[in-house]
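S.K.: Please model the entire structure based on the sequences and the hints provided.
Spelled out, the chains give:
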Amino acid sequence: MNCQFLVHLVISLIFLSPTFGEGDTLPILKHKWSFEGPSGTFKKDALQRGYQVFKEVCSTCHGLKLVSYEKLMAIELTKNAVKTLAAEHEYPDWDDEGQPTHRKGIPSDKILSPYVNDKAARSANNGALPPDLSLIIKARLRGPNYVRALLTGFCEAPAGMIIAEGMHYNPYFPGRQIAMAPPLVDGQVTFADGTKATVDQMAEDVVTFLSWAAEPEMEERKQMGVKVLFYLFILTFVLYLSKRKVWKDVTKDNH
Amino acid sequence: MGILKWIDRRLPFISLVNHELRDYPTPKNLSYMWNFGSLAGMILIIMILSGIFLSMHYIPHVDHAFNSVEHIMRDVNAGWLIRYIHMNGATLFFVVVYVHIFRGLYYGSYKSPRELLWILGVIILLLMMATAFMGYVLPWGQMSFWGATVITNLFSAFPFGESIVHWLWGGFAIDNPTLNRFFALHYLLPFLIVGVSIVHLIALHQFGSNNPLGIERKEAGDSIPFHPYYTIKDTFGFAVFLMIYCGFIFFAPNFFGEPDNYVPANPLVTPPHIVPEWYFLPFYAILRSIPSKLLGVLAMFGSVMVLFIVPWLDRHPVRSSRFRPYHRWFFWLFVVDCFILGWVGANPPEGMFILIGRAATSYYFAHFFFFLPLLSYLEPVMPLPLSISRPVLEERPS
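Keeping their order, the protein sequence lines are chains A and V. Using the numbering used here, the first residue of the first sequence is number 10, and each one after it goes up by one. Using the numbering used here, the first residue of the second sequence is number 28, and each one after it goes up by one.
Note that these hints are calculated values from the structure, not bench results. Careful: at least some of the hints might be erroneous.
[What the hints assert, rightly or not] Have a look at the derived ranges for each label pair, beta carbon to beta carbon: (1) K74/A - N45/V: 54 to 62 Å; (2) V363/V - P191/A: 47 to 55 Å; (3) F200/A - E189/V: 58 to 66 Å; (4) K236/A - F282/V: 16 to 24 Å; (5) V331/V - D33/A: 33 to 41 Å; (6) A184/V - L138/A: 33 to 41 Å; (7) F185/V - D33/A: 32 to 40 Å; (8) Y59/V - K39/A: 31 to 39 Å; (9) E174/A - A157/V: 27 to 35 Å.
Just so you know, these numbers come straight off a predicted model, no measurement behind them. Quick reminder that beta carbons are idealized off the backbone N, C-alpha and C, glycines included.
M.R.: What follows is the structure in structure tokens.
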């Protein structure tokens with residue numbers, strides 16, 4: 010009885026997880042990520058390269074407005090580097106007379122989005138709105154694998170398929186047509202650590218960076234989880250022994 | 028000791044605890060299926076505590092709600108932990124409560140004299156559903172917004188429906204007043220749940236727990252004191268539960284979530300598939316399997332409300348399905364039917380899902396209104412054990 014209940018529950022929970030948003034798109038290939046699994050961590054060099062790709066390529070059109078510059082210290086940028094990065098941007102402010110002006114960014118500022126608002130973004134992008142990337146990995150089914158597939162999946166449209174003006178063929182995007190032009194080409198950025206900037210490499214690095222941006226707490230969470238489960242395991246075992254001891258006389262005269 | 032006695036004479040709190048939690052006589056044969064009641068109580072406390080801490084940082088305003096949740100996730104100390112505790116707690120609360128309800132259905136715990144105990148439980152379930160629904164709206168993601176749209180629009184099926192819906196919204200669209208009142212009610216309802224749970228416990232302690240044999244206690248040896256036997260058993264069960272709970276919190280915190288809810292609410296963009304949280308899927312399937320909107324809404328509400336009258340639909344004198352071989356089959360068919368409804372609810376209402384959904388919905392109601400009453404008359408009454416201490420029939424004195 011008890012077991013049956015649990016088995017049914019587990020099975021249902023597995024099969025209930027819906028598989029939505031696939032439509033007519035190609036199946037998404039699984040990739041091996043360093044941050045997967047209970048002991049997964051973000052590789053610091055991948056994070057830094059990923060940030061470079063974001064800054065030099067993605068941030069032309071996409072924001073990352075939930076992340077502040079100072080949080081980038083978690084990917085091992087120095088305090089001075091963060092200060093310099095923030096100071097590269099101008100934020101709207103008011104001067105002492107109350108007139109609108111601009112000031113230099115400081116580390117606690119959120120990363121400045123490329124457009125002042127959605128309307129400006131649409132007007133500059135042929136009517137399409139480039140989404141903010143802060144949560145993009147969590148906001149898409151199979152997040153990291155999907156974004157990687159999308160970034161590396163641009164190719165020639167099959168014969169006979171009509172691509173609307175300003176659109177691009179991508180078999181992983183719902184409807185297979187996306188307003189974003191292929192963002193990555195081989196050798197587009199120059200990595201300081203000498204890593205070859207292939208499309209695959211850049212896609213992997215930027216997805217790693219965006220996964221960190223979506224879940225900056227992930228490493229701390231998993232490390233804490235291991236300790237918590239270890240503690241609970243011992244506690245449960247001790248409680249089990251206590252239960253058996255307390256119940257010894259009752260279970261005995263039941264048989 | 029003196030001061031405690033002085034207080035206890037004037038406010039018998041210690042006597043109450045002694046009487047209801049320590050000496051409280053409990054059937055000695057309760058299985059682990061009887062852990063889920065106290066487990067639900069523990070989760071309720073966890074939910075209220077984590078919720079209070081979340082509300083210290085959450086902002087119920089359409090312009091700030093989404094970002095304030097992300098602020099909790101990113102900037103508040105251990106904010107991600109508190110939020111994931113609350114988020115996954117809601118899901119596991121329903122797992123535990125559903126097991127608790129199915130256990131009641133299997134062992135006939137709703138039968139005389141425990142009908143009111145059962146009804147109070149159904150009231151708690153309704154309050155939980157309302158609380159969970161409004162809580163899901165608070166992060167103000169896409170699924171929050173569109174889930175709220177679908178559910179509140181259900182009321183437009185009734186006469187004067189449009190006025191009802193506008194009254195619920197506090198305006199002509201789902202907007203800031205809606206979010207504000209959902210937050211207020213989401214904070215209020217859990218305390219009502221606490222209240223009804225206390226009444227549920229008072230009703231429970233009137234006759235004590237049912238048990239796997241479904242017979243009342245007859246001799247002294249049938250009962251054992253709640254402490255230490257069930258305090259330790261419940262604590263052990265709680266620890267096992269905590270391991271599963273923490274597994275989700277720390278290693279798969281978004282397992283039960285919808286990716287779309289990490290997209291800020293946008294009234295101009297409808298998500299391709301609007302799905303409720305998994306624990307509402309069977310009811311959602313019932314709603315969508317009936318072509319008429321009004322009848323669909325009534326069927327959906329009816330599918331929960333029918334639980335209120337289960338004690339009068341099943342009039343078979345034997346409680347436990349252990350001694351009801353026919354009912355046992357129908358019970359498991361009903362469980363399977365609920366899972367099928369959940370599966371249908373998770374899929375778009377097209378093709379075979381419409382057909383399966385209609386069949387499963389029909390079976391759901393047939394179980395309550397046809398099979399339960401039918402079995403009450405047709406299922407033979409098997410001989411029951413003499414007492415809990417002598418459960419084996421062969422030991423009957425000849």
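S.K.: Looking at the structure, which of the earlier hints fail to hold?
M.R.: Going through the list in order, the structure violates hint 9 alone and respects the others.
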